[in-house]
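Enquirer: So the protein lines, in turn, are chains X and H. Terminal number for the first sequence in the numbering used here: 150, no gaps in between. Terminal number for the second sequence in the numbering used here: 55, no gaps in between.
Calculated from the structure, these hints are not laboratory results. Note that the Cβ used here is the ideal one computed from N, Cα and C, for glycine as well. Among the hints, a few may not be true.
Here are the simulated DSSO-like pairs of lysine-lysine, each with C-alpha atoms no more than 30 Å apart in a straight line [claimed, not checked]: (1) X:K44 x X:K120; (2) X:K120 x H:K42; (3) H:K42 x X:K44.
Computed footprint of chain H on chain X; a stretch qualifies when at least three of its residues, placed anywhere within it, have a C-beta under 8 Å from a C-beta of chain H [stated by the list, open to error]: (4) 16 to 22; (5) 123 to 131.
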Amino acid sequence: MVDLTPLFDPYVALPILHIIGIVIAVGAVIITDVVNGFLHLRPGFAEWDAKIAPLFSLMVWTGFLILSVTGTLMFLMQPQLIHDTLFHAKMLFVAAVFFNGVLLNVWITPNFQEISEEWEERTERVKAFEVIAGLAAVVSVIGWMTIIVLGYLLANT
Amino acid sequence: MTILILGAGLGVAEDDEQYLHIEEALEESPLTAFVLAFNGLIILTSLYFIIKISVEVWRNHIIHG
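Okay, chain X solo, but in the shape it has when bound (with noise of 0.2 Å):
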């Protein structure tokens, strides 16, 4: 029989439920790079791509939630982590995606449903926002790997 009593260990519970957060929200961003990546080469896709990408915004929040909501309690028991220059430097990197993310769905996501039509035609529109969206999703990936790597720092030493 297996032992299941260490999951009622708030220190075993809590960080095993903050990887399943950074699964769902990591996988959705690298799948939304990898989608318009693709949109990118095979631009007839733009109306699909518009019509699924609240999907993966979606699943990017409920990530940042359960991350937010485990990372609070975590913060909660080691409140002396505050002193810890690898947390600042995380949380500051926490503010760099969560800022980016609003960015996308407040100013991109909109803008993206908008243009998708003209998406074909590679419309001066078209080519700025490309530029704009790419930079978005350059700061999205690098911070969520710099949020992994420095979590697991924190982590282990």
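Dock chain H against chain X, hints included.
Expert: Just chain H, lined up with the frame of chain X:
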């Protein structure tokens, strides 16, 4: 998943000593309050976007099928 959530919630609620640590941390560094407030902002923003996007997706599903 349910076991994990229950474990996390019950464990935190039962740990009385942690409140002392938090009070100390709040006294020692103003960053503690900032981190907690920032996490609260992320939680509220996430909830806002989850509800907003869900409503939009559902509305599009009803309109366009």
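Enquirer: Next step is simple, just say for each hint if it's right about the structure.
Expert: Outcome of the hint check:
no., hint, in the structure
1, X:K44 x X:K120, "holds, 20 Å"
2, X:K120 x H:K42, "holds, 28 Å"
3, H:K42 x X:K44, "holds, 15 Å"
4, 16 to 22, "violated (count 0)"
5, 123 to 131, "violated (count 0)"
When the structure is compared with the earlier hints, violations turn up for hints 4, 5 and for no others.
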